[in-house]
Amino acid sequence: MPSLGADMVAGTLVEWLKRPGEHVRRGDIVAVVETQKGAIEIEIFEDGVIDRLLVDVGATVPVGTPLALVSGPAGAAPAAAQAAPVPVAIVAPRPPARPIAPPITRAIGRPPVSPAARRLADQHGIDLGPLRGSGPQGAIISTDVERAIAAAPAPSPRRFDAAEMRRAIGAAMARSKREIPHYYLSTTIDMTPLYRWIEDENAKRPPPQRLLLAAPLLKAVALALRGAPELNGFYTESGFQPSTAVHIGVAIAIRGGGLIAPAIHDVDELALDDLMARLRDLGMRARGGGLRSSELSDPTITVTNIGERGVETVFGIIYPPQVALVGFGKPIERPAVVDGAIVPRRMIVATLSADHRASDGHRGALFLSDVDRLLQEPDKL
Amino acid sequence: MTPEEIRAILIETLGAIAPEADLSRLDPKADLREELDIDSLDFLNAVIALHERLKVDIPERDYRRLSTLGGAIEYLLEKTTPKA
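Line order of the protein sequences matches chains A and B. For the first sequence, position 107 matches number 107 in my numbering, and the numbering has no gaps at all. For the second sequence, position 43 matches number 424 in my numbering, and the numbering has no gaps at all.
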């Protein structure tokens, strides 16, 4: 069971998409897990053959529990019995240092549920908890759910559990405030050149190809991080581990409350148009379901963008085990001094919250200045 | 197209973005972004959907005309009516 963020202690296996004997390749989606952040598609990190599934559909298991045995690369002789296959792959690369919230109260021994029954239950808002299964080993199957639907007073649409997500956010943020010695920096950046450039670009483009401000902001952060490795990575029990890859967690507000910050991978290497396409795709999947495990487990830094309807400044709280968060406030037109004259300019306040165990304010200041410098030449992003 | 047809398409487009909102009671003069908690990404997605559905170009400088339901109906009506 991978850790899909520092706030996750357990997950419920909802569906296996691969069977024993099937070949899998790195990046394949092998299972679906239900978490406080909704249903997440679980990717595998090794090539090989599924040897055995260790967790039944419907079971809730703690983070770090092996979900399946995968034997060596495809083509290798199948390993004998239990000795050789290593429960690699689906295990979390970074389980949280210690549990930070009471475990989800679903019993581990709950009866299995067939995928069809679960889908049906989801569609009709049926709680599987009290159901008695009539399938093999007490499994809940479609007919059991159909019976429950018939007995239910009125079908209620499936709702996002805002309270559950609020608890998860609270636990992660409490851990952050308890463990991370934050320092905060802020700078005001002239966005006029960037706005002009985006307006010119978008005037030439049909709507599907248009850019939003967020894309160049993310790209500038990613490029500036190349010179500030102390802000990009994870702080674990063994200390700070910088990451050479820049995977930016993009904070996305969930309608109805809550927040999720899935990663866009290798932002520093993406062309702006590709980055914009990823951003749109991520926004849709964050709200509509279908996020992948790697997107939740491996952001190396988070960027939060308040947007045009927000406020001037955001003071971020770092999402552990990351060590930094960059915030952008609402762009505001204000008087500025340019070449000795007072002129109206579009300004944005950029903030950095960073972990003093991994960096100091000097490094952070150089990084924010770098973001500013990069945003003055948008055509080079 | 008639204003009613355009209204129906707008309601459908906005409903896909804000499924929890009761759009039948939407004030035609209310700011859509405030009313429906729409951010710039939602707004762009709505523009893309309308562009593809109605085959009209919606330049960025016209975005402000889409800020209310009433304004958007009027604007899209202009756009979809062939010029005499």
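Careful, some of the hints might be misleading.
Dumping the calculated BS3-like pairs for lysine-lysine here, alpha-carbon to alpha-carbon at most 30 Å [as the list claims (entries may be wrong)]:
1. K18(A) / K204(A)
2. K18(A) / K410(B)
3. K177(A) / K380(A)
4. K436(B) / K464(B)
5. K436(B) / K204(A)
6. K330(A) / K464(B)
If you are wondering where the hints come from, they were derived from the structure by calculation, not from laboratory data. Remember, predicted model here, so these are calculated numbers, not experimental data.
Pair hint K18(A) and K410(B), alpha-carbon separation not exceeding 30 Å | Cα-Cα ~52 Å, so violated.
Are the Cα atoms of K436(B) and K204(A) separated by 30 Å or less?
-> Distance ~17 Å between K436(B) and K204(A) Cα, so the pair holds.
Proposed proximity, K380(A) with K177(A) (alpha carbon, max 30 Å) = With Cα atoms ~37 Å apart, K177(A) and K380(A) exceed 30 Å; violated.
Within a Cα-Cα threshold of 30 Å, do K18(A) and K204(A) meet the stated pairing?
-> This hinted pair is violated, its Cα atoms lying about 45 Å apart.
Regarding the pair K436(B) and K464(B), is the alpha-carbon distance no greater than 30 Å?
-> holds, 15 Å
Sort out whether K464(B) lies within 30 Å of K330(A), counting only the CA atoms.
-> violated, 39 Å
The earlier numbered hints that this structure contradicts are 1, 2, 3, 6.
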